[in-house]
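Q: Based on the sequences and whatever the hints tell you, model everything.
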Amino acid sequence: MDMLNSSLKEHAAFIREKKVSSKEMVSYYLERIEKYDKKLNAFITLNESVFQEAEEYDNRVAKNDDLPPFAGVPIALKDNMVTKGLLTTCASRILSNFIPPYDATIVEDLKKAGFLILGKLNMDEFAMGSSCETSYFKKTVNPYNTNYVPGGSSGGSAAAVAARLVPAALGSDTGGSIRQPASLCNIVGMKPTYGRVSRFGLVAFASSLDQIGPMTKNVSDSVELLKIIGRYDPKDTTSYKTEPFKYSNIFSNGIKGVKIGLPKEYFGVGMSDDVKKAMEKSIKFFADNGAEIVDISMPHTDYAVAVYYIIATAEASSNLARYDGVKYGYRAKSSDLEEMYCFTRSEGFGTEVKRRIMLGTYVLSSGYYDAYYLKAQKVRTLIKKDFIEAFKKVDFILTPTSPTTAFRLGEKSNDPLQMYLSDIYTISLNLFGGAGISIPCGFDSKGLPIGLQILGNYFDEDRLLSVAEFFENSNPFYRELPQNYK
Amino acid sequence: MGEKITDKDVKYIAKLSKLNLQDDEIGKFADELSNILKYIEKLNELDTSEVEPTSHVLDISNVTREDIHCRFITQEDALKNAPEEGYNHFKVPRIIE
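Residue numbers (the working numbering), protein chains in the order written: chain G, 3 to 488; chain X, 35 to 131.
No lab work stands behind these hints, which were simulated from the structure alone. Just so you know, even glycine gets a beta-carbon here, dropped at the ideal spot from N, CA and C. Every clue listed holds true.
Selected chain X positions facing chain G (in silico; Cβ < 10 Å):
| id | residue |
| --- | --- |
| 1 | 47 |
| 2 | 49 |
| 3 | 50 |
| 4 | 51 |
| 5 | 59 |
| 6 | 67 |
| 7 | 92 |
| 8 | 106 |
| 9 | 107 |
| 10 | 112 |
Calculated from the model, a selection of chain G residues having no Cβ within reach of chain X, i.e. all distances over 12 Å:
| id | residue |
| --- | --- |
| 11 | 12 |
| 12 | 38 |
| 13 | 58 |
| 14 | 62 |
| 15 | 272 |
A: Okay, structure coming up:
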């Protein structure tokens, strides 16, 4: 039994067919965590009651009870999804003692499907970052080379899945926070359409952009997870009333005639030679299989980072106003209420979070609202129209996920703007709101992974995942595990 | 747009943000925010006088539900994370002398 290379469905079958107990499976992954996570720093918290939960499933297996589809299979979550009774920190000091009194909708859904929550994964503080370096607790490193970042903000999720410390994880994507770390760590990361997956119980960063999605070793595992979490949730007023996600694998017999757009704005300066070569090979694969490759233009691409850093910080400054030391979380000592608020926030938030709260407050402040925030919302409309126009001509858009492979720890942490620009290929999709996926497509000369990004229209996940699976079947780069974690 | 952020601006924004910055942070934030705003200025290259703003990408608006009372969590659970509590309420420093 090869757990490292097995899919989620196979994991579930191992337990159901009594090849392994849920308890043994959990132990197997906890031993890997024990062995490797001192170096990788992917986990913030482990669920101490996971053995007990595993035992309950084992008893039910023994009795041949009816079981949910993934009974007893462990999974882990980025630490910004609230879990009842289990510490949820957002990798911030201000939530360092927060034990949620309820489960996020996605957590309820995963539990209902039989999954066990193994633990909570490291991230950039409040998901603000592209390298996992702004976490209050620890810096996660890249399993393919531990001198390099795993990407961010869902860096803990990416590193843990890549090093097989857990069979699968969930992340959240506000400007690329699922796709970019997936790309840097050789796993599959998927951002569903805005409104596809409930945000109820996801700690808010930028509410008009945030979306939860799967981070898995291969495409079929992402499909399985999206089947579970991809549904309308009345508890989230931005959840979209639509049929639950279903998968028909429409391209299983080929992609002949599928139109794939290459936006010229994405293939300009800044893309490393290795990434470019891997892209050319991937494009050739699609062309050789009968897809029609179409050159397109998305003229407002160059403005996306600027728009994003106005809208995301404005929404964040509002969302993070709730951290005042009154109802939960860290509280600084003071006998004066106003001073208590200020000290709590100053001691509780890290530098990047403060920087973004300040920027967001500034662009919303009196006299600057029209010049910055309203302007950004208007340019967002133009970026959205670029996508709408593009999807009139093509089925999918193909780009690299990141202009370069992983960068060194510390390389960009002193230059916020350079860090922001590392999300240049992923940010536009969040402004548009559509679905996107990053899948492994090769390695650079240093052995660092390269990710291919495929972008799709609103609620087009069924076709998007299928075209990704078609690529993956002939290009199974995900099977190349990091050298020291086999 | 295009103004450089001064130390005075930073102090004012910090006050609005309820943040208490150290002296060395003020100068650093002034420089960094100025740089970021300078980058953001590129949006001025675009004429957006005829463009509607996007605040939300999907066609959903005014989502309401039936006004039915339902208990989400108990008072006891709600208070479990309170930094300080008293008489079954959240406790804060005295605000009325």
